[in-house]
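Undergrad: The chain contents come next:
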Amino acid sequence: MYLKQLNMVNYRNYKQLNVQFSPNINIFIGKNAQGKTNLLESIYYLAFARSHRTNVDRQLINFESPFAKVSSRIYKRQTSNILELVTSNRGKKASINHLEQKRLSAYIGQLNVVLFSPENLNLIKGSPSQRRRFLDLEFGQIDNRYLISLARYQRILKQRNTFLKKMTYQKEPDFLYLEVLTRQLVDVAAIVIELRLKYLTHLEQMAKDIHFQISNQTETLAFHYQTANYDFKQKNDKQTVVDFLINQFSKVQNREIKLGTTLIGPHRDDINFEINDKDLQSFGSQGQQRSCVLSLKLAEIKLIKQVTHESPILLLDDVLSELDSKRQAALIEIIDEDIQTFITTTDLDSVSKELQHKPTIYEVSNGNLVNKGVKNDPK
Amino acid sequence: MQYPLPIAKLIESYMKLPGIGQKTATRLAFFTLNMEIEDIQDFSKSLVEVKTELHYCSICGNITQEDPCEICRDERVDRSSILVVEQPKDILSFENMGEYFGLYHVLNGVLSPMDGVSVDDLNIKSLIKRLQDHSVKEVILALNSSSEGEATAMYLSKLIKPSGIKVSRLASGLAVGSDIEYADDLTLKRAMTGRQEV
Chain A
2 MYLKQLNMVN
12 YRNYKQLNVQ
22 FSPNINIFIG
32 KNAQGKTNLL
42 ESIYYLAFAR
52 SHRTNVDRQL
62 INFESPFAKV
72 SSRIYKRQTS
82 NILELVTSNR
92 GKKASINHLE
102 QKRLSAYIGQ
112 LNVVLFSPEN
122 LNLIKGSPSQ
132 RRRFLDLEFG
142 QIDNRYLISL
152 ARYQRILKQR
162 NTFLKKMTYQ
172 KEPDFLYLEV
182 LTRQLVDVAA
192 IVIELRLKYL
202 THLEQMAKDI
212 HFQISNQTET
222 LAFHYQTANY
232 DFKQKNDKQT
242 VVDFLINQFS
252 KVQNREIKLG
262 TTLIGPHRDD
272 INFEINDKDL
282 QSFGSQGQQR
292 SCVLSLKLAE
302 IKLIKQVTHE
312 SPILLLDDVL
322 SELDSKRQAA
332 LIEIIDEDIQ
342 TFITTTDLDS
352 VSKELQHKPT
362 IYEVSNGNLV
372 NKGVKNDPK
Chain D
21 MQYPLPIAKL
31 IESYMKLPGI
41 GQKTATRLAF
51 FTLNMEIEDI
61 QDFSKSLVEV
71 KTELHYCSIC
81 GNITQEDPCE
91 ICRDERVDRS
101 SILVVEQPKD
111 ILSFENMGEY
121 FGLYHVLNGV
131 LSPMDGVSVD
141 DLNIKSLIKR
151 LQDHSVKEVI
161 LALNSSSEGE
171 ATAMYLSKLI
181 KPSGIKVSRL
191 ASGLAVGSDI
201 EYADDLTLKR
211 AMTGRQEV
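Protein chains in written order, with the numbering used here: chain A, 2 to 380; chain D, 21 to 218.
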């Protein structure tokens with residue numbers, strides 16, 4: 002999968018931009034605050050209909066403009082589709098081949114993107130919500146059922162939380178209705194957890210191999226999915242998950258009513274990472290955590306390839322300077338397999354020589370892009 | 021320039037209707053200006069009457085001129101089954117179908133804590149009261165298949181089942197005359213689960 006041409010109108014500091022890209026490696030070079038990351042962000046935005054940097058769509062619109070537009074034709078092995086995303090204060094409109102999509106869940110997944118940015122390096126140490134967000138985005142873009150179930154889960158969760166808040170102050174709360182809401186929540190939660198486990202197991206397998214290589218065959222990486230503080234394995238079928246959750250909910254019911262909020266479920270779950278059976282979050286070194294995130298990101302590329310039979314587009318935002326030559330080598334091995342890659346950097350020196358093998362280089366300055374042409378093999 | 025008060029007030033009134041903004045309201049107001057006086061009198065009379073002449077049936081919650089409503093009073097109606105719907109207008113759909121000859125019960129909405137709708141806001145107590153009379157053998161839940169509609173149906177079935185009365189829910193799946201090609205995953209899944217032997 003690759004995009005040939007990107008069109009932007011009023012997107013951040015780009016008033017108007019039409020640019021052609023190479024299906025291989027594209028490097029954006031320029032000083033700080035010129036719009037390099039904005040370019041990557043716009044591709045990410047086209048894929049997920051949301052930015053990785055902000056939740057406020059208004060910020061994506063150029064100052065004093067009423068709307069922002071990003072569009073591109075996405076080439077896949079057999080087909081090509083035009084994706085277009087328009088944001089204004091009335092919300093966003095997503096269309097595929099000029100047909101507006103009423104549901105974003107029908108739109109997301111058309112363009113598969115893997116982004117690797119310095120913030121990702123916090124994935125292990127950061128809050129559980131960052132890890133859940135990672136799962137939701139990555140699995141959402143490869144499985145429509147995941148997106149739909151998650152949206153349904155969030156709606157029922159909102160109903161249940163509102164009802165629990167009301168119960169907190171009631172003398173004779175309606176336990177029957179709570180039971181119904183719990184049952185409804187558990188049914189969808191089980192689907193979400195089942196899908197998370199399914200893809201996480203694939204991801205673990207692939208990340209394990211990659212990590213093993215980066216660490217000179219010394220480290221074994223493992224993931225543990227945790228729900229209600231229990232480790233969950235893939236072999237659990239849906240009914241086991243349902244029974245488990247119902248049992249857990251009955252234990253926390255009084256606390257839930259007291260606190261007025263739902264305490265168990267996919268919105269509270271987490272993943273733990275282990276290297277050689279040691280918890281990575283507490284005992285891992287900076288370097289180990291970095292390798293783990295890289296392995297995870299590379300495994301993600303492989304997973305998307307396996308599920309969709311297309312390579313995703315890889316976005317590397319200023320991250321190469323954070324990776325040493327060994328880790329860059331692992332990256333190059335994957336990119337070599339025909340993955341369209343966009344790299345931002347302030348100077349070419351941090352980009353490994355192998356990656357500079359015939360990239361197309363663009364100089365970015367103040368919302369403008371100049372194609373510096375294909376850089377020839379430095380050798 | 022401001023409109024004369026009568027027309028400004030009329031525009032404001034039209035804007036209270038759903039889906040009508042200022043432009044449409046203005047157009048409607050000026051159209052009203054050119055209508056025959058009899059038509060306008062009829063119109064305003066029905067506007068008032070819809071509120072003063074119509075009541076909710078004290079038995080089933082349907083809208084009616086006389087209490088109890090026509091269906092509840094009808095001797096020929098099969099009194100062994102009650103079909104539960106969300107809105108009075110749903111009754112009309114079933115009556116037009118012409119295949120159901122039992123009683124109805126209007127909930128007047130579905131349970132939705134987010135929108136502030138709880139059990140006491142719906143006609144649930146009156147439904148339970150109706151079931152105490154032993155003539156009812158089956159309750160058919162005909163609620164929308166939104167997640168709120170389904171929660172409400174589940175709630176009612178848990179409430180009624182202990183009394184031994186049969187509780188059923190409308191089937192969901194493929195719409196008649198629709199293409200499988202255009203059906204979404206969830207619909208197909210429902211259709212599969214509820215498949216029937218032929």
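One should not assume that every hint holds.
Taking lysine-lysine pairs in the PhoX-like style, the calculated list, with each CA pair at most 20 angstroms apart, reads [as the list claims (entries may be wrong)]: (1) A:K199 to A:K209; (2) A:K239 to D:K209; (3) D:K209 to A:K172; (4) A:K199 to A:K306; (5) D:K157 to D:K145; (6) A:K239 to A:K199.
No wet-lab data here; the hints were simulated from the structure.
Undergrad: Hint by hint, say whether it matches the structure.
TA: Checked hints:
1. A:K199 to A:K209: holds (16 angstroms)
2. A:K239 to D:K209: holds (16 angstroms)
3. D:K209 to A:K172: violated (41 angstroms)
4. A:K199 to A:K306: holds (16 angstroms)
5. D:K157 to D:K145: holds (18 angstroms)
6. A:K239 to A:K199: holds (11 angstroms)
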